[in-house]
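Novice: Protein chains in written order, with our numbering: chain A, 372 to 621; chain B, 48 to 351; chain C, 3 to 327.
Honestly, the hints are just simulated from the structure, not real lab data. For glycine and all other residues, C-beta sits at the position ideal for the given N, C-alpha and C. Accuracy of the hints is not assured; some may be wrong.
If you want a taste of the chain C side facing chain B, the calculated C-beta under 8 Å gives, among others [to be verified]:
1) Leu87
2) Leu90
3) Leu94
4) Ala98
5) Ser118
6) His321
Far from chain A, some chain C residues (derived; all Cβ distances over 12 Å) [to be verified]:
7) Leu7
8) Phe184
9) Val191
10) Arg206
11) Arg207
12) Leu208
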Amino acid sequence: MSVAAPGPALLTLEAVTKRFGGLTAVRDVSVEVRRGDLLGIIGPNGAGKTTLFNVISGYYRPDAGRIVFEGRDVGGRAPHLICRLGLTRTFQIVKPFGNLSVLDNVMIGALTRLPSVAAARAEAGRVIETCGLASHVAARARTLPIGLRKRLEVARALATRPRLLLLDEVMAGLNPTELTGIMDLIRRLHADGLTLIVIEHIMAAMMRLAQRIVVLHHGEKIAEGRPDEITRDRRVVDAYLGEEFVLAEA
Amino acid sequence: MDPARRLGPAQIDVFLQLGVSTVLLGGIYALIAVGLTLIFGIMRVVNFAHGEFLMLGMYLAFWSYTVLSLDPYFVLFIAIPLFFGIGLLTYVLVMRGVIHASHNVQIFTTVGLSTALQNLALVLWTGDFHTVRPWHALTPIRLAGTAFNLSQVVAFLIAIALTVLLFAFMRWTHTGRVMRATAQDREAAILMGIDTDRVYRITFALGIAAVGAAGVLVSPLYAVYPTAGLQFVLISYVVVVLGGLGDMVGALIGSLIVAAVEVAGSYWFGTAWKEIFYFLLFIAVLVFRPAGLFGQRGAENLGV
Amino acid sequence: MAQALARHWGALVIFGVAALVPVVVRDAYFLDSLVLILLWGALSAAWNVAGGYAGQVSIGHAAFFGIGAYSAALLGTRWHQSPWLGMLAGVLVSLAAGAALGYLSNRLKGPYFALSTIAFSQVLLIVASRWRGLTSGSEGIPVPFRPGFGTLGLGHVAWVYLALAVAVLYWGIQVWLEHSRFGYRLAGVREDEDAAEALGIPTRRLKVIAVTLSAALTSMCGTLWAQYVGFVDPFYVFSVDLSVRFALNAIIGGIGTALGPFLGSILITSLETYLRATLSGVKSGFTGIYLIVYGTGLILVVRFIPDGLAGLVGRLRAHLARVHA
Numbered sequence: 372m373s374v375a376a377p378g379p380a381l382l383t384l385e386a387v388t389k390r391f392g393g394l395t396a397v398r399d400v401s402v403e404v405r406r407g408d409l410l411g412i413i414g415p416n417g418a419g420k421t422t423l424f425n426v427i428s429g430y431y432r433p434d435a436g437r438i439v440f441e442g443r444d445v446g447g448r449a450p451h452l453i454c455r456l457g458l459t460r461t462f463q464i465v466k467p468f469g470n471l472s473v474l475d476n477v478m479i480g481a482l483t484r485l486p487s488v489a490a491a492r493a494e495a496g497r498v499i500e501t502c503g504l505a506s507h508v509a510a511r512a513r514t515l516p517i518g519l520r521k522r523l524e525v526a527r528a529l530a531t532r533p534r535l536l537l538l539d540e541v542m543a544g545l546n547p548t549e550l551t552g553i554m555d556l557i558r559r560l561h562a563d564g565l566t567l568i569v570i571e572h573i574m575a576a577m578m579r580l581a582q583r584i585v586v587l588h589h590g591e592k593i594a595e596g597r598p599d600e601i602t603r604d605r606r607v608v609d610a611y612l613g614e615e616f617v618l619a620e621a
Numbered sequence: 048m049d050p051a052r053r054l055g056p057a058q059i060d061v062f063l064q065l066g067v068s069t070v071l072l073g074g075i076y077a078l079i080a081v082g083l084t085l086i087f088g089i090m091r092v093v094n095f096a097h098g099e100f101l102m103l104g105m106y107l108a109f110w111s112y113t114v115l116s117l118d119p120y121f122v123l124f125i126a127i128p129l130f131f132g133i134g135l136l137t138y139v140l141v142m143r144g145v146i147h148a149s150h151n152v153q154i155f156t157t158v159g160l161s162t163a164l165q166n167l168a169l170v171l172w173t174g175d176f177h178t179v180r181p182w183h184a185l186t187p188i189r190l191a192g193t194a195f196n197l198s199q200v201v202a203f204l205i206a207i208a209l210t211v212l213l214f215a216f217m218r219w220t221h222t223g224r225v226m227r228a229t230a231q232d233r234e235a236a237i238l239m240g241i242d243t244d245r246v247y248r249i250t251f252a253l254g255i256a257a258v259g260a261a262g263v264l265v266s267p268l269y270a271v272y273p274t275a276g277l278q279f280v281l282i283s284y285v286v287v288v289l290g291g292l293g294d295m296v297g298a299l300i301g302s303l304i305v306a307a308v309e310v311a312g313s314y315w316f317g318t319a320w321k322e323i324f325y326f327l328l329f330i331a332v333l334v335f336r337p338a339g340l341f342g343q344r345g346a347e348n349l350g351v
Numbered sequence: 003m004a005q006a007l008a009r010h011w012g013a014l015v016i017f018g019v020a021a022l023v024p025v026v027v028r029d030a031y032f033l034d035s036l037v038l039i040l041l042w043g044a045l046s047a048a049w050n051v052a053g054g055y056a057g058q059v060s061i062g063h064a065a066f067f068g069i070g071a072y073s074a075a076l077l078g079t080r081w082h083q084s085p086w087l088g089m090l091a092g093v094l095v096s097l098a099a100g101a102a103l104g105y106l107s108n109r110l111k112g113p114y115f116a117l118s119t120i121a122f123s124q125v126l127l128i129v130a131s132r133w134r135g136l137t138s139g140s141e142g143i144p145v146p147f148r149p150g151f152g153t154l155g156l157g158h159v160a161w162v163y164l165a166l167a168v169a170v171l172y173w174g175i176q177v178w179l180e181h182s183r184f185g186y187r188l189a190g191v192r193e194d195e196d197a198a199e200a201l202g203i204p205t206r207r208l209k210v211i212a213v214t215l216s217a218a219l220t221s222m223c224g225t226l227w228a229q230y231v232g233f234v235d236p237f238y239v240f241s242v243d244l245s246v247r248f249a250l251n252a253i254i255g256g257i258g259t260a261l262g263p264f265l266g267s268i269l270i271t272s273l274e275t276y277l278r279a280t281l282s283g284v285k286s287g288f289t290g291i292y293l294i295v296y297g298t299g300l301i302l303v304v305r306f307i308p309d310g311l312a313g314l315v316g317r318l319r320a321h322l323a324r325v326h327a
């Protein structure tokens with residue numbers, strides 16, 4: 372499934388912890404992501420997946436632990452700085468720039484790296500092509516159905532030329548055709564050399580996509596390994612108790 | 048400590064006077080603010096026109112007194128249901144359409160309403176300053192070295208009574224509970240089958256009834272003119288922000304604090320500058336504790 | 003070049019007509035209205051930079067207007083300096099005040115921010131109207147008329163062209179916002195701050211820059227207005243009504259568009275002039291009715307025509323394009 376042997380560590384999470392008052396949303400999570408990886412993070416709702424993303428991408432400051440991206444400690448840095456360093460994330464509930472066109476949306480992403488509007492427009496055009504949004508270039512983002520909004524979310528993030536892309540439940544709410552489409556897109560991006568961390572709730576999709584999966588439950592990492600190892604793991608099955616059908620699909 | 052500044056009878060009198068003035072003023076601010084915090088807390092709408100309903104209450108008292116020789120306290124009984132009705136009407140005509148709109152739309156809708164109402168008063172009744180001077184406004188009361196007039200006391204007592212009534216309504220009636228539930232989580236309320244439109248109707252109507260009643264109560268104490276509402280609405284916003292969105296008890300305490308700041312400020316620096324103190328207080332609160340003294344950090348972003 | 007002209011045909015028409023009016027019309031009253039239309043338009047354009055393009059809605063912009071007006075008036079009457087110097091002083095103070103407000107915009111959302119802007123302008127109003135030593139207090143400051151460009155003592159025709167130059171400049175700044183890297187990123191901030199932040203945009207910094215720019219532009223026009231009208235009244239120049247007016251023109255004309263503020267100004271100022279002429283006999287009738295109309299207008303526009311006049315024109319053009327296709 373992997374295209375090339377995994378490279379040096381790109382992102383290292385060391386015992387990352389995040390608390391909200393009395394609730395520990397993420398507890399002691401350590402993960403290593405190497406260049407060229409396609410890492411999946413799964414877990415029941417409330418497991419702390421999005422919180423982890425928020426901590427990695429700078430929206431929350433970690434209460435303990437370190438987040439090292441390309442050798443730099445980025446814990447607690449502002450999100451826009453982390454993006455400039457090469458780490459971009461998408462949002463679980465998509466946040467398109469509703470009143471702007473698809474092209475403008477992606478252009479704004481491209482402007483992070485490019486100084487001129489013309490260059491950004493050209494770049495945006497290419498990214499839109501890659502993500503299969505070419506026929507909707509002029510549409511106002513607000514008018515797009517959810518499947519296309521998710522693609523836009525990915526395209527916009529892609530335009531910032533990340534070295535590590537964090538996708539937060541990009542497959543939720545899609546019908547089977549859209550699902551296949553976006554999985555193809557993710558595979559293509561990965562094959563082109565992009566390192567990805569993907570949060571998903573749909574096990575079946577994750578099994579076919581990720582090389583390595585981390586399982587979170589109540590904020591803790593309870594398992595890590597290849598998809599086939601994960602589905603056999605006792606603790607994972609227990610965590611998903613009542614959701615066996617999700618596992619069975621895999 | 049400088050012996051001349053030690054607390055002697057004269058200083059105690061001053062403090063007592065300031066204290067009494069604060070409490071009397073605080074009660075009135077509480078009535079105004081309580082309606083606003085309800086609207087703000089439950090509907091998540093900033094009603095920039097709140098002061099104009101106060102002004103209309105004042106005019107109601109003025110015209111009733113001048114034309115019909117009715118005492119404001121009598122007019123109060125008419126004012127409350129009347130303003131409840133006005134609140135309902137305003138909700139249906141203006142507010143309902145923008146409840147789910149963006150903040151900017153809400154802001155400009157109520158700002159437009161404020162401008163329209165102020166100038167309606169201007170056109171109908173001219174910009175002349177009027178006063179309402181029933182007998183009790185001229186009746187001084189001296190108690191333990193402090194002085195105030197009967198109007199202030201009655202206004203205070205009635206304001207507190209109405210506020211307590213409102214509080215009891217919110218706490219112990221079914222409708223009140225439903226309103227509080229909607230304030231906490233609009234979506235959950237809808238899912239539970241709560242008729243949110245009805246909740247908003249009642250909330251707005253109650254809020255306007257409260258501020259209209261406050262207008263009648265303060266008419267013997269302040270001059271009546273079309274822009275009279277402006278200074279009160281800004282004070283009530285300070286109170287509401289200080290006390291925390293939607294927190295009625297907070298509004299009560301906030302009223303006392305703001306009244307204290309105003310009374311103390313005007314005593315030490317003169318009445319000309321008193322307004323600046325609560326504005327500075329306002330800005331300070333917004334900068335350092337926008338959720339209010341009693342609110343949770345970040346609460347100011349709820350629903351915003 | 004031809005394409006750009008075609009795209010901005012509206013501006014071309016409006017500013018072109020304005021430029022030609024003094025050639026044809028000599029009536030002082032008419033020219034006066036034109037100057038006011040252009041100045042109000044520019045002021046709304048300045049507000050639009052923060053309120054429309056950056057999404058930071060302020061109802062306290064009169065603060066900067068007043069600062070500009072007072073700077074020129076004070077420097078002119080007390081220290082006999084040129085109003086241009088006063089303008090510069092006003093801009094500097096407004097930059098500082100604008101930065102402070104920008105800081106607040108990062109801490110406060112939506113209505114809270116709007117409230118803080120009101121409080122801000124009211125503090126200035128109280129200071130200006132009470133501090134007799136500095137500002138002659140509530141009496142205000144009359145601005146003396148000394149003929150010449152350096153003292154901005156100009157005739158009506160000159161004022162038209164000066165106001166027009168300012169209007170075109172402010173229009174141009176907005177157009178720049180629509181086409182520049184800064185402007186695009188600002189649009190992202192306006193649409194969704196969190197998403198913009200995730201895309202590498204320093205949202206806090208951009209908001210402060212936008213608000214500060216808006217403040218400086220407002221202040222400049224405040225100075226011009228004070229010199230034109232000849233009197234600075236604290237209760238007017240710092241009033242909430244005035245702040246609302248800046249926003250009103252922009253909203254009715256089309257918030258977040260370059261021409262919107264000017265379209266709104268044309269409509270509103272013309273309405274005001276018409277009503278003033280028709281109702282001049284009635285004492286408070288004029289002011290009142292005009293403001294009732296604009297208050298109601300605000301409610302209706304914001305609810306039913308959120309894109310304003312510019313939006314209507316845009317939709318009309320699109321409709322015509324479809325019909326003719």
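Novice: With reference to the structure, classify each hint as holding or not holding.
Specialist: Verification of the hints:
1. Leu87: Violated: closest Cβ of chain B sits about 29 Å from Leu87(C), beyond 8 Å.
2. Leu90: Status violated, d = 27 Å.
3. Leu94: 22 Å, violated
4. Ala98: 15 Å, violated
5. Ser118: Holds. Min distance 5 Å.
6. His321: 25 Å, violated
7. Leu7: Since the minimum Cβ distance to chain A is about 20 Å, Leu7(C) lies beyond 12 Å and the statement holds.
8. Phe184: Per Cβ check, Phe184(C) is inside 12 Å of chain A; nearest 9 Å; violated.
9. Val191: 9 Å, violated
10. Arg206: At about 8 Å from chain A, Arg206(C) fails to clear the 12 Å cut-off, so the statement is violated.
11. Arg207: With a cut-off of 12 Å, Arg207(C) comes too close to chain A, as the shortest Cβ separation is near 9 Å.
12. Leu208: Violated, since 10 Å does not exceed 12 Å.
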